[in-house]
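Chains as they are written, first to last, in the numbering used here: chain A, 1 to 503; chain B, 1 to 503; chain C, 1 to 503; chain D, 1 to 503.
A couple of the hints might just be wrong.
[Unchecked claim] Dumping the calculated SDA-like pairs for lysine to any residue here, alpha-carbon to alpha-carbon at most 20 Å:
#1 Lys405/A - Glu356/A
#2 Lys240/C - Lys497/D
#3 Lys120/C - Asp180/C
#4 Lys332/B - Leu477/A
#5 Lys114/A - Ile95/A
#6 Lys497/C - Lys304/D
#7 Lys120/B - Lys222/B
#8 Lys222/C - Ser166/C
#9 Lys460/A - Tyr501/B
#10 Lys304/B - Lys304/D
#11 Lys222/B - His398/B
#12 Lys486/D - Arg187/C
#13 Lys405/C - Glu356/A
#14 Lys486/D - Ala105/C
#15 Lys497/A - Val229/B
To be clear, the hints were calculated from the coordinates, so they are not data collected in a lab.
4 protein chains.
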Amino acid sequence: MERTESTSDSVAFNMPDWLIQFADQKREFNKRPTKIGRRSLSRSISQSSTDSYSSDSSDDETSPRDKQQKNSKGSSDFCVKNIKQAEFGRREIEIAEQEMPALMALRKRAQGEKPLSGAKIVGCTHITAQTAVLIETLGALGAQCRWAACNIYSTLNEVAAALAESGFPVFSWKGESEDDFWWCIDRCVNVEGWQPNMILDDGGDLTHWIYKKYPNMFKKIKGIVEESVTGVHRLYQLSKAGKLCVPAMNVNDSVTKQKFDNLYCCRESILDGLKRTTDMMFGGKQVVVCGYGEVGKGCCAALKAMGSIVYVTEIDPICALQACMDGFRLVKLNEVIRQVDIVITCTGNKNVVTREHLDRMKNGCIVCNMGHSNTEIDVASLRTPELTWERVRSQVDHVIWPDGKRIVLLAEGRLLNLSCSTVPTFVLSITATTQALALIELYNAPEGRYKQDVYLLPKKMDEYVASLHLPTFDAHLTELSDEQAKYLGLNKNGPFKPNYYRY
Amino acid sequence: MERTESTSDSVAFNMPDWLIQFADQKREFNKRPTKIGRRSLSRSISQSSTDSYSSDSSDDETSPRDKQQKNSKGSSDFCVKNIKQAEFGRREIEIAEQEMPALMALRKRAQGEKPLSGAKIVGCTHITAQTAVLIETLGALGAQCRWAACNIYSTLNEVAAALAESGFPVFSWKGESEDDFWWCIDRCVNVEGWQPNMILDDGGDLTHWIYKKYPNMFKKIKGIVEESVTGVHRLYQLSKAGKLCVPAMNVNDSVTKQKFDNLYCCRESILDGLKRTTDMMFGGKQVVVCGYGEVGKGCCAALKAMGSIVYVTEIDPICALQACMDGFRLVKLNEVIRQVDIVITCTGNKNVVTREHLDRMKNGCIVCNMGHSNTEIDVASLRTPELTWERVRSQVDHVIWPDGKRIVLLAEGRLLNLSCSTVPTFVLSITATTQALALIELYNAPEGRYKQDVYLLPKKMDEYVASLHLPTFDAHLTELSDEQAKYLGLNKNGPFKPNYYRY
Amino acid sequence: MERTESTSDSVAFNMPDWLIQFADQKREFNKRPTKIGRRSLSRSISQSSTDSYSSDSSDDETSPRDKQQKNSKGSSDFCVKNIKQAEFGRREIEIAEQEMPALMALRKRAQGEKPLSGAKIVGCTHITAQTAVLIETLGALGAQCRWAACNIYSTLNEVAAALAESGFPVFSWKGESEDDFWWCIDRCVNVEGWQPNMILDDGGDLTHWIYKKYPNMFKKIKGIVEESVTGVHRLYQLSKAGKLCVPAMNVNDSVTKQKFDNLYCCRESILDGLKRTTDMMFGGKQVVVCGYGEVGKGCCAALKAMGSIVYVTEIDPICALQACMDGFRLVKLNEVIRQVDIVITCTGNKNVVTREHLDRMKNGCIVCNMGHSNTEIDVASLRTPELTWERVRSQVDHVIWPDGKRIVLLAEGRLLNLSCSTVPTFVLSITATTQALALIELYNAPEGRYKQDVYLLPKKMDEYVASLHLPTFDAHLTELSDEQAKYLGLNKNGPFKPNYYRY
Amino acid sequence: MERTESTSDSVAFNMPDWLIQFADQKREFNKRPTKIGRRSLSRSISQSSTDSYSSDSSDDETSPRDKQQKNSKGSSDFCVKNIKQAEFGRREIEIAEQEMPALMALRKRAQGEKPLSGAKIVGCTHITAQTAVLIETLGALGAQCRWAACNIYSTLNEVAAALAESGFPVFSWKGESEDDFWWCIDRCVNVEGWQPNMILDDGGDLTHWIYKKYPNMFKKIKGIVEESVTGVHRLYQLSKAGKLCVPAMNVNDSVTKQKFDNLYCCRESILDGLKRTTDMMFGGKQVVVCGYGEVGKGCCAALKAMGSIVYVTEIDPICALQACMDGFRLVKLNEVIRQVDIVITCTGNKNVVTREHLDRMKNGCIVCNMGHSNTEIDVASLRTPELTWERVRSQVDHVIWPDGKRIVLLAEGRLLNLSCSTVPTFVLSITATTQALALIELYNAPEGRYKQDVYLLPKKMDEYVASLHLPTFDAHLTELSDEQAKYLGLNKNGPFKPNYYRY
């Protein structure tokens, strides 16, 4: 029988402040939309390619809620910006399909059996070409889906139109108001004659809405799949409070997804983000990286490889020792702040770079954030009268001291790789495949396998996600012989490692 | 309160064959002593430095058991080769002390409180200068210790003498018979008026002996600390069978120790082992590394850095995907076996390199093993009449095919880094510190914290081991502010990560 | 006395075809402007930042030649797009000054002596903020300057305006016709009461024009400084033909400039160019790099560091052996063309990638060129009826085979790093400093030191360029003691290496 | 026609002190034999493998000069330790042949034509298995050879015996007196009825002897091939003084040989040397490398790759800038001397590490030399009464300060890689092939191609050496098409680069 690992023991960690703070931020929804999860921005909405889409949002001021639209089959069970953009969106989806071989492979296997037959999935994620490939895969696997956006800005209208045209009830457009946001979610859930039995959430808003408005729905719901840090924490809170009434799958912390979202993706995007914004040369530059988790490890490795001299700060002695063994001087930020050319934060903490640090940096120092929120650099402390801000490029500000010293602040302290770089489709493919498999697992699990708790993706599923992506690299996996499997005490098809294995 | 993590869920893994096989090997004890754990061989007993000690073992044929020896204080509660070698052993210990700053720091802190006051520790490990620093540290922390060797060949007689001279009852010498081996263990345990309350074991023989001969002793024993893969597995077997009657600490799988024993240590020792045996040049060589766990990762990184072209084989798709992202072609062994210059096994599996592979290798191909046992290369298959073996150096055999093809087999397929390289004292320091802290934790834990189960070292202790080694690198840890700790929901002193964190 | 090294022996190399071809290309001037030297494009005219400047070129259709403009001092000895843009151009120049510390240091030292006092320099280069810093530095060193653009598209109008406003006679704008191009050059040279005595050229057009129109001018000219591959070859041709009538300095081949233009710059720009155009992930990708010169070495090192698997092709066995020792499989292109994800050319050769290769590539393969011309990929062979071209982004074409296979062709086979990336100011700083020092050397050289030949920059000057850039890295050079200098037989101030030293 | 490059311009460099000093050292010949060139020590005489040979030198005290020996063919025209050791020596030679494919390839090609037919070569080099492969190759190419050793300690007696048995007049044994040394050389040269027409020298002693004793011999000598730094300098001195009466080939500075002797070899041997002597761990260690030439570049790259933090000192601003761009902090030694764990010298200079530096190093600091002489560390300054020396291992001294501080000095400041590591046969293969080709070139050159000057190996020959070693790596060179060769202005068979190309 499949074994799974509960991470409910991590509930013992205290409720962190930033989660409480998050709730507060919700109130300011319209003013500062910061609800963008790390890994959900795709190529299609990157800085460099948004231009081509910009026209459609400006030329039509009518709210989609006030429009009457039908797709070519006559259905009007959707709400998107402009159904006529469907063809263009379809082309985007087709391109994405080419780079998401794992989902396409799932579709092929589903030609015989439909593992999601009977599933009624309500989803709330960024709506991009990659998400569309996921949604259409879920459909091919037998599921009925209804979808809303988890962010008021991130929807690609053309893609939403293409989905609507293909018969998926999508309620989402770029530039929703907060009221629109909840209206769209409600339209997904509150349908006559249709009730969801699975939830796919990114951020926890959909889950929250159902809890608040339609708690009875949980009776029929077989499980929640949640992919964001924030949403996962909300689930653990529910679990701790004894209020989680269905099994939930934390796909954020699956091995494969974590490594790609953090180590592998950031190893490339730190270089990309810095180059696109500053055209700087990396060779010979002195850099301090705050935090040596997966993100920090990726940043450090990339910059070292490009000839930068990298210093690391850490609070955790184990990660600190790793930094030492990997060839980085472990320092306190104060020790090097005067000499470095670049400061990069990857801690997930707040006020790691303070005004005091900023005051001591040298002229021309670049400051940016690769961590998970916009709190790491105390940007607010720079909003004082004696400092002048000069926007020199999109996402690049010069903050100028009275003596003429300039600090180059990127993306106003928000995530560099989201703001100034793009997330490769391959990374999104891993996330989407993980979500699909988690839905399949929860939907098909025998009664009793999962309790009302938060689970990590079973290792075997995690391994399966990885194996679906190996063909991209023409990589050939070795199979255990019977004799070897017996010797190791393993099943030939995995799982291959104990749960505590660290990779 | 300190939280700990039970790994008893890993018991669900089946009893592996190699562990059963291990039991069989015990019977051949005198013929093939392979009971050497990876990380316990020190500089002092390395290939290159044994010469200076060789004299003493040959010039005196009397068994230590038949000798009457007293140390300078008149005690004869020990059994070593030659108490007169104490001074030379003391010098070795002093040198080791310089490279084991963490234990020395523990001693300093123990000047006030004695966390092991009242502890009666019986130990069974390799007896080297580094172990002596550990034993004397345990003494300084308040413990009474009695010690035997866990291997019949690995004792440094001078060090054993120095310990005996300092008043530690040590029963051990180089070249024990199997009967001597168990006699020594028994002398540690079976003492009138003294009964152990803590066990420090390496391989499980001491634990096994007490279970078999003095099961009642467990009533007073507060816990077992075990550091070897083999010993840990035996404990899990006991636990599974419901026979584990005291808490046991698996220190083998602590993060810090694992990373140093495997990734960091092997990254260096693969180069060292290959150079010392073959004087080969790494640049441009084609190498296949079987297995991409921590050991494989270390080997691959080192060889890539030296200009080798590295191929990887794997059975686990997650590790396979990591190999791809780290820049290695993932292949099946058959695909590259004809072209590679070096084959390195790091799987922990058996018959990874078969006679068929060996038949297909090209002339001059080097074959060696960095995994945890001597089963990975099917060396037995090379003992056939048509093949000629030629010993060209210590640890280096040429196996010659009828057509003149030569395969260079290192260490007869045993661990290359143990046989042909040395383990840096720094790595041993981490192991010894981990053992000391595990003893302190188990000994001081409040009633009920630990059940009759196998535990991993509490993360906070693991972090403490790491922090004690940071000064070696002049590394400066950052401390959380109160505000930041609150924001993150962490205690300022750690633990800093959830248990499932992968590092 | 200063020793210099003539490279006239390299004249023994035959006149290469591509130089002959170059002359032919000149006739197609208006159709395909490819006269962009590798290292002369600056941040300010990069892909990502041109948008802000695009307005000015479209809103005013009057030719600058037909306009009447005066700067604030009343001078009209210039011809630029719009003198009113001077202020914006000045800001760009000031930003560039911050990143060109070496030229600023030269200005400071020139406060006492003016090494170019009396120099009348006519220049023909790309006109960018960095060039402006050079021109104004030459002015500060005592020179009078007149300037034209070496490329009809690369002028930054704002910067030209700022120079004109500051009193430098500049004749240049973005979007010149070929007639404009030569008219601008002529306006620099053909001035009443002013005759140049130094030439700074990039591509050889200015030199060519004077040879053709005003050969008598060479009587007063003390030397030519030329920085492009093309221009240097034209000089060697003149020298070989006995027609070079003044000394010329080949600054293209100075050590410092070469390393930065090629190895160090390409190491970063290959990643940047690929990311900006394709958002691809490097990890695990199979790449073949054609050519292992400095550019190839840079590309290979960067991609290997990012986790790509890199193959190399080479014709020169010495470079091939280096590729092997650096850890790359040396192959023929045919051997890997079916399996690679990316093909990069860095040979300087023609038809390295042929239609036959393109036919065999797999779906999605990316093809691009980092070499010195647009000949390496046989792009013309893709202009056949059965292939469909689809422009998917700026600089990115999909070429689609009848079976649906898509090849991703970047920049239509032109230089990737020029077309899709930017050249860091620091690299341009090294080039500009080298040019300034070459001018100073030629202008101040005692009679007879330089004959009518082509010279490399004296090593001591090359070392000086390097030393002026060390402070950027807070790098501290060690000085020889008298005793050490005597021991080594060196002057304490250099040169430190024999001419044949390879670095 | 083949073009060659005279490096006589480098004569302009002053006669360095260390060359003068060298002459002085000759007088102390018997006391301190330091005449070991970097690249001539082979595996067979490495530290770790000498033991097997030690017996023969001790059991027979008769001087070879006093013995009567004949080989199996009855010849006694040789003088070796013991002709009976020939068989064992032959086996060593056969092993070396397997790793020297380039010379074996030359032999094969020589089956038709004998390019050295008529050549009478007198040689003076280290006599090792690799040299024997060279000598026998020269024989196979048609030459007659007579050979002496260039060092009184480095001869492998078995190999000398094998050569004598095969009919080569060899005069050499391990442990010659200075008188023996010159006697052996004389026996090679001063032969009735035989006069050499080619010289192969390593260090210049043979050349010196002929100049002094038999100057008339030069009338028939067609050229000298010299491979050591010292010997090359002596030749330049002769040339400068107008006393060089035959062409000489400086093979020391050929590209291929330089890269392998320095960059590629040292990249590996620095790690090997440090590990074998100290068993230290590289990860996290702070290291300062003095000098960033090829040797320094190799050391820095290797240590950085192993996780050390590396600082560099340099006097040459160009190399300094390279160090910066490669990611190393450029410092003065004083800035880091207190904090580093390892100091490595690679400058070729003297007193780079002074007593003052040594006084300031921290406890346990390791000091070693990878440069070309034993002058870099001022070891003499450590021979003062207040410091205690303790030999802890072969080649490892602890120098102990009055306060207990210990410095770990390796190889007493002599070359670490020669003293404590081995030179791979592959590197020696490149050297030997270069020597063979230089002899062929000089012997076959048409009258007048070479004057009485010192020449570098023609680039085409250098390329040929490289190409002969490519098969070792299964490397496949690409060939130019006719069209491409024309385009590039190159001959399809090379040379492929101008002389000033830097690789």
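Quick rundown of the hints versus the structure:
1. The suggested pairing of Lys405/A with Glu356/A holds, with an alpha-carbon distance near 14 Å, which does not exceed 20 Å.
2. Proximity of Lys240/C to Lys497/D is assessed by CA-CA distance (about 19 Å); at most 20 Å being required, the pair is judged to hold.
3. Restraint check for Lys120/C and Asp180/C: not satisfied, since their Cα atoms lie roughly 23 Å apart, outside the 20 Å limit.
4. For a cut-off of 20 Å, the pair hint linking Lys332/B to Leu477/A stands: about 7 Å separates their Cα positions.
5. At roughly 25 Å between alpha-carbon atoms, Lys114/A and Ile95/A are farther apart than 20 Å, so this suggested pair is violated.
6. Note on Lys497/C and Lys304/D: the hinted pairing is violated, with a Cα-Cα distance of about 26 Å set against a maximum of 20 Å.
7. Taking the CA atoms of Lys120/B and Lys222/B, the gap is about 10 Å. The hint holds against a cut of 20 Å.
8. This hinted pair does not check out: Lys222/C and Ser166/C have alpha carbons roughly 26 Å apart, beyond 20 Å.
9. As the CA atoms of Lys460/A and Tyr501/B are separated by approximately 18 Å, the hinted pair is consistent with the 20 Å bound.
10. Under the criterion of a C-alpha separation no larger than 20 Å, the hint pairing Lys304/B with Lys304/D is consistent with the structure, at around 13 Å.
11. Between Lys222/B and His398/B, the direct Cα distance comes to roughly 51 Å. Violation of the 20 Å bound is thereby established for this hinted pair.
12. The straight-line distance between the Cα atoms of Lys486/D and Arg187/C is roughly 39 Å, outside the 20 Å bound, and the hint therefore fails.
13. As the CA atoms of Lys405/C and Glu356/A are separated by approximately 56 Å, the hinted pair breaks the 20 Å bound.
14. Proximity of Lys486/D to Ala105/C is assessed by CA-CA distance (about 45 Å); at most 20 Å being required, the pair is judged violated.
15. Between Lys497/A and Val229/B the CA atoms are separated by roughly 15 Å; this keeps the pair inside 20 Å, and the hint holds.
The structure does not agree with the numbered hints 3, 5, 6, 8, 11, 12, 13, 14 stated previously, though it agrees with the rest.
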